[in-house]
Amino acid sequence: MTREEAKKKATELVAKMTTEEKASQLRYDAPAIERLDVPEYNWWNECLHGVARAGTATVFPQAIGLAAMFDDEFLKEIADAISTEARAKYNAFSEEEDRDIYKGLTMWSPNVNIFRDPRWGRGHETYGEDPYLSGKLGKAFVEGLQGNGEHMKVAACAKHFAVHSGPEAIRHSFDAKCSKKDMFETYLPAFETLVKDAKVEAVMGAYNRVEGEPACAHKFLMEDVLRGEWGFEGHYVSDCWAIRDFHENHKVTKNSTESAALALNTGCDVNCGCTYEYILDALREGLITEEAIDRSLIRLFTTRFLLGMFEPCEYDEIGYSEVESKEHIKLAKKAARKSIVLLKNNGILPLDVTKLNSIGVIGPNANSRASLIGNYHGTSSRYVTVLEGIQKVCDKNDIRVHYSDGSHLFKERVENLAFDDDRISEAVIVAKNSDVVVLVVGLDETLEGEEGDTGNSYASGDKETLNLPASQMRMIETLEAVGKPIILINMTGSAMDLAFAKNNDTYGAILQAWYPGCMGGKAIADILFGKISPSGKLPVTFYNSLDELPDFEDYSMKGRTYKYMENPAQYPFGFGLTYANVEMTGASLENEENAKSLIKSDNVYDGSISVRANIKNTSGIKTDEVVQVYIKNHNSEYAVRNHSLCGFKRVGLDAFEEKEVTINIPSRAFMVVNEEGKYIQDGDKFTLYVGVSQPDEVSVSLCKVNPLKIEINL
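Just so we're aligned: 172 in our numbering is position 171 of the sequence shown, and the numbers increase by one with no gaps anywhere.
FYI, nobody ran anything at the bench for these hints, they're computed from the structure.
Be aware that one or more of the hints could be misleading.
As the list claims (entries may be wrong) - Computed spacing ranges between beta-carbons, pair by pair:
#1 Glu658 / Lys710: 31 to 39 Å
#2 Asn468 / Glu212: 49 to 57 Å
#3 Asp317 / Asn636: 54 to 62 Å
Stated by the list, open to error - The calculated lysine-lysine pairs, modelled on BS3-like cross-linking and capped at a C-alpha distance of 27 Å, are:
#4 Lys559 / Lys633
#5 Lys597 / Lys182
#6 Lys503 / Lys356
#7 Lys559 / Lys686
#8 Lys601 / Lys633
The beta carbon of each residue, even a glycine, is placed where N, CA and C say it ideally should be.
Construct the complete structure from the given sequences, taking the supplied hints into account.
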């Protein structure tokens, strides 16, 4: 069904509704209109990394882990599996006449906000700090969700539009100050990609204001940019109870009636919340017109017709057996394997089962299901924790596994409470009786997450430091003194300060495991024991200190992320080791003269060029590797401080195999954003760096693979 056909049907249906019926359909919990055979519908559903909050579903790695795969093709496959489960659950629930929250086909995912500051508690819901990576992955996720059938499989939603990434504690009243350059260079590109290229069906507005205007009623962002410049045709939804913030917290309106009118008139079509209960009051007071109501309703029912809700649909036969199927569990395990990032290895990994008698598994996240799932998650019928994954391997090889949780996940020393560190001595005993220690630390969704949705009340879900909780650090310091070799596994959704392990020979290896999903423990064990090689890459920068960053409330990009930072990273964006040795053996522009002509032409904004790269596995170990291309503009005053990711390709390499890969580079990468927020052609000297990491000194020294340079002079 085309959008024009769906819109025609929506227009005809809306014309049959009374004014009261129309007003009722602008709420996220829209009631039935029985006389028109319109069933009740709840617009609120979630599928950030699997169908969420509606019972059993496959739990894939959290979004930040999916980003660490650097694999848009596989992410699209995952999203297709998620949409299959969503359809299966919708079909089953509909048969039971259950149309409650989290049971519809409008999925409020993905989150393509930029993870600009490691303190942000919701950062692990995103695809990281780079707008190109976020756009590329977000596009794949949207396309996988929405499908390419006669009807839309599910409707995806790009959120939170726009300029939104904390702080959580003040999000309902915060005004994000942002230059036009930062807005169009960093905060908007991923949204543009999802709207223009992926044809995302919905966009969700953020809680905060942007330069004084609330994001859910922002004329410039919603009318001029989203629907004007980008041509968005889908529907716009408010974040939940965000419109109430207009009068209660932002103070831009006096009451609910004015807030409802402001949002509707600016193009917010459906209200997650209760403020649109005042739509009829706004109509009676002349603050809105019935035409404005119709405009939004036609958009909403166009989506419902596109989803095939009022006629037979090719997805109606998807059965409940698709929910958490064996095939989807395999995908979750494969995703977890691809997402885990090896940050350090002195040769201790992979572990040799023939040389081990005992392993100590220690740490509050070692046997934790909560550390597998992140937030916005479904419920798996089976989880494999790190401890369980290791035990399964060791049981087969007659290796003894000793276990202690070692510390509380988060518990500060309280005077006269002796039990605060009551588990440390057991951890010491375990370490002394083990050949090697696997130390599993980190956070979970109760310590980093969303305001109002987390136990981290002192920071409303955000982190105040980059340090692990003090209770864990006391355990860590005590274990270090034992002297046994330690493999550190950090399970967090964000960058932490891991200097204590990076610069300490006691730690033979460090793995960043994120929140790896239901099969996370199995995937981690596969990596520890060498069944597969780690191959994830960091989608965020690990900083040495928060002192390097501006204030959390400062939305300027100066000093933030790999593109603008002024100091060396602890672990850089794009970095990740494997067990193999690879080298780049060649890199060149395809059709160089044509490429240069395109870069200089009027079509540069939407074109692309191709880079050919040769990569060789010089070891006997099979691995995946991610070829990355970065661009440096050498002579424009508007260029980013360092360099920018402009292409990537995950490559599978057998032992001693060499491959040639082609990577498409958007020609817009050769443009810059000026202070007015406009993309312009400026500069005539560029370098493309083709490697397996950034071209910065830290990355090259850690991964020991020199990127190749392609010099382009126009």
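Task: Consistency of beta-carbon spacing, Glu212 to Asn468, with hint 49 to 57 Å - done: Because 34 Å falls outside the window, the suggested range is violated.
Task: Satisfaction of hint between Lys356 and Lys503, Cα-Cα up to 27 Å - done: holds, 25 Å
TODO: Using the Cβ atoms, figure out if Asp317 sits within 54 to 62 Å of Asn636.
DONE: holds, 58 Å
- [ ] Take a quick look at whether Lys597 and Lys182 sit within 27 Å of each other, Cα to Cα.
- [x] It holds: about 26 Å lies between the C-alpha atoms, which stays within 27 Å.
Task: 27 Å limit on alpha-carbon distance, applied to hinted pair Lys559 and Lys633 - done: holds, 17 Å
Open item on the list: For Lys559 and Lys686, compute the direct alpha-carbon distance and say whether it is at most 27 Å.
Closed with: This hinted pair holds, its Cα atoms lying about 23 Å apart.
Task: Given hint Lys633 paired with Lys601 - CA-CA distance at most 27 Å - done: The given pair, whose Cα atoms are some 16 Å apart, holds under the 27 Å limit.
TODO: Determine whether the Cβ-Cβ distance between Glu658 and Lys710 falls within the hinted range of 31 to 39 Å.
DONE: violated, 24 Å
The earlier numbered hints that this structure contradicts are 1, 2.
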